[in-house]
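Number of protein chains: 2
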Amino acid sequence: MKIKYDLLKVEKNTKARRGKLSTNYGIYDTPMFMPVGTLANVKTLTPEELKEMRSGIILSNTYHLWLRPGEDIVASAGGLHKFMHYDGPILTDSGGFQVFSLAKNKKKDIIEEGVHFKSHLDGKKLFLTPELSIQIQNKLDSDIAMSFDECPPASASYEYLKNSVERTIRWAKRGKDVHSNPNQSLFGIVQGGAHEDLRKFSAIETVKLDFDGYSIGGVANDGESKEDMYKAIDYSIPYLPEHKPRYLMGVGEPIDLIEGVIRGVDLFDCVLPTRIARHGNAFTKFGKINIRNAKYKEDFSPIEKSCDCYTCKNYSKSYIRHLLVCDESLGGRLLSIHNIRFLIRLTEDLRRAIEEDNILDYRKQFIENYMGKNGNPLN
Amino acid sequence: MKIKYDLLKVEKNTKARRGKLSTNYGIYDTPMFMPVGTLANVKTLTPEELKEMRSGIILSNTYHLWLRPGEDIVASAGGLHKFMHYDGPILTDSGGFQVFSLAKNKKKDIIEEGVHFKSHLDGKKLFLTPELSIQIQNKLDSDIAMSFDECPPASASYEYLKNSVERTIRWAKRGKDVHSNPNQSLFGIVQGGAHEDLRKFSAIETVKLDFDGYSIGGVANDGESKEDMYKAIDYSIPYLPEHKPRYLMGVGEPIDLIEGVIRGVDLFDCVLPTRIARHGNAFTKFGKINIRNAKYKEDFSPIEKSCDCYTCKNYSKSYIRHLLVCDESLGGRLLSIHNIRFLIRLTEDLRRAIEEDNILDYRKQFIENYMGKNGNPLN
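For the protein sequence lines, the chains are S and E, in the order given. Per our numbering, the first sequence runs over residues 1 to 379. Per our numbering, the second sequence runs over residues 1001 to 1379.
This is chain S alone, in the form it adopts within the complex (with noise of 0.2 angstroms):
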């Protein structure tokens, strides 16, 4: 079935909503996070650990799988879920963000038909097309498609990502038309940096195709200030439908989930809380730390005394530093757990704020935890 949004509540003083996303797989709450299974799997996690964080949907992402092992060979194994054992929902990126950013020496031609690049495991050349990028998705049998976009970096001329908004429009329409898998949902993407005039064309324009939902791209691709993300939610978010989800893509900071969720934004998705574990960096009520500190050598309470995470239940941080001193992998894959709790967790927060109409207090005591008194988000 294709998924389904609930508007259940916008909270008093925001854009702030509360819903319930119904999918192949469940009905989930929103906003949500959505942690990054880039290859198929949630680096060093199993889907039991992810339902253990109560994780809902997560992402896998179509360039990494069409390269390594192919769709084909997911197909052949009865889709993504069967492939990696997960029951939950999975939505696939389109592909349109790494070959901006892992193309072989960022080189890449994009022509109206679709962009020719090379591989950055093997420098192969590879020609990616909207209609490509949903075919292998319908292939992979995810639960939510994304439409094929261009993600310009932030440097890009007003021209520039003028054109680009438009082509981006014309290759969503070419790949909704050839989508074909009905147990799969497909969005559109509104790109225009911060632009006012582009985000809203972009907006509108996607909207006309008529998605199951829709997302904010260009936020976080190369150098985006906060500010313009902000401005980038702000002047996308009043043209799209109200009872259809709103995905951000690519944003996974604390403190950049409340903005957008105050801004109107249901879903996240991002690579942070498992690429920082791998440095040995936690989330906390205070700002992040790194474990590897040699502070936390003699220091046998967990993480977080608050956390409810199988991590900070059962370990302390000299544990985890000592793992992850001697570079054994069970201490990134404690820190992968206790991160992704962190967020989802800090969604379940946003979730009650919204129906107690209090997300601007919780905002302002979150900031003043995680930045200090003078904190201040745009930094």
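These are computed hints drawn from the structure, not numbers from a lab. Among the hints, a few may not be true.
Unchecked claim - Footprint (simulated), chain S over chain E, 3 or more residues, beta carbon under 8 angstroms:
1) 1068-1076
2) 1081-1092
3) 1288-1300
4) 1315-1324
Unchecked claim - Computed cross-link-like contacts, DSSO-like style, restricted to lysine-lysine with a CA-CA straight-line distance of at most 30 angstroms:
5) E/1173 - E/1124
6) E/1305 - S/82
7) S/82 - E/1288
8) E/1082 - S/313
9) S/106 - S/162
10) E/1082 - E/1108
11) E/1125 - S/297
12) E/1125 - S/124
13) E/1125 - S/295
14) E/1015 - E/1208
15) S/288 - E/1082
16) E/1082 - S/285
Here the structure is a predicted model, which means the values were calculated and not measured. Beta carbons: idealized from backbone N, C-alpha and C, even for Gly.
Knowing the structure of chain S, use the given hints to seat chain E on it.
Okay, now just chain E, sitting in the frame of chain S:
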């Protein structure tokens, strides 16, 4: 409390025996395979996963924990169990084998007092003595400590081995004299290469010191043949008391477990199941296979259909291969789970074969499956 070994049954046609080992953390069946948790974790796995695969005792390495994080930190954490969140029994080795195998450039200076050598991490000068090894293990608070022994290479001369065995007995006594943890059992180690008289002498003299259990060492150091390993067991076992556990150190090849059990061994440990997992290898009834092999690309069956491990119940060879090829650590984790469970299942089979007095038939069938019709366990 000290461990207690109850002999339940000796198999009709061999020396194989079923027993029960009562420990500070529950009662376990023997013969038993002990997974290795070098740095206070069985690589990539949690204690809960070890329990799910019905693992009993695990082994941790005194030398490694002495260097990182240091025994005082482990003691401050409340001991090794609390430090690593493991409420099953733990055996620590003495560091003797690591001094032999890991000392920088394998250079060491063995004197009566102990061994001078350099750290494998940073070349720092270290001096380990029988007393220090026991004192470190006392602080780690493992359930079973090992006496500090010398582990000479297979190539050592008879004369060298004779002196070494005598010194190891003196070291065992010195260690026992300083052992002061009332909840920790202490094992003596029989050495003597493949020489019948040295093994006999070592066993008799070590048993005179009255340990809580006995190990057979020096069978998996460096270049020992299978034949020498089996000889070492055969020459040692007759002199070990019936009502104490017998532990063959560093052995984990499936066929060696069978041969050891048939000769009267109760306990085994080895890094093999986790080490080969990291290189993509899996144990199967029909021999080891490398899951990275291209022929598994579209093999959607589990590693072993008859295996009850988490990995075989939920994942295909194709998926695990994909993870390994992409260097996703979940691949090694899934293989570690299967490989450890494989060896634990093997000990379960062996216990059943002892009950049913048909262990020789079991061996014959196992070798035929594992090595082919003309398989020779000595190869």
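*Coverage claim, chain S over the region 1288-1300 of chain E, checked by counting residues with Cβ within 8 angstroms (three needed)*: holds (count 3)
*Is residue 1305 of chain E close enough to residue 82 of chain S, meaning Cα to Cα at most 30 angstroms?*
holds (17 angstroms)
_Against the 30 angstroms threshold, does the CA-CA distance of residue 1015 of chain E and residue 1208 of chain E hold or violate the hint?_
holds (22 angstroms)
*asked:* Between the region 1068-1076 of chain E and chain S, are there enough contacts, at least three residues with CB-CB distance under 8 angstroms, for the coverage claim to hold?
replied: holds (count 4)
*Distance restraint between residue 1082 of chain E and residue 1108 of chain E, which requires alpha-carbon spacing of 30 angstroms or less*: Status violated; Cα separation ~34 angstroms.
*Please work out if residue 106 of chain S and residue 162 of chain S have their alpha carbons no farther apart than 30 angstroms.*
holds (21 angstroms)
*Is the straight-line distance between the alpha-carbon of residue 1173 of chain E and that of residue 1124 of chain E 30 angstroms or less?*
The given pair, whose Cα atoms are some 28 angstroms apart, holds under the 30 angstroms limit.
*Verify the proposed pairing of residue 1125 of chain E with residue 295 of chain S, using a straight-line Cα cut of 30 angstroms.*
holds (26 angstroms)
*Pair hint outcome, residue 1125 of chain E versus residue 297 of chain S [Cα-Cα no greater than 30 angstroms]*: holds (23 angstroms)
_Given coverage of the region 1315-1324 of chain E by chain S, checked by CB-CB distance under 8 angstroms (3 or more)_ = Check passed, 7 qualifying residues.
*Between residue 1125 of chain E and residue 124 of chain S, is the straight-line Cα distance small enough, at 30 angstroms or below?*
violated (50 angstroms)
_Verdict on chain S covering the region 1081-1092 of chain E, where coverage means 3 or more residues with a C-beta closer than 8 angstroms_ = holds (count 3)
Of the numbered hints given earlier, the model fails hints 10, 12; all others are met.
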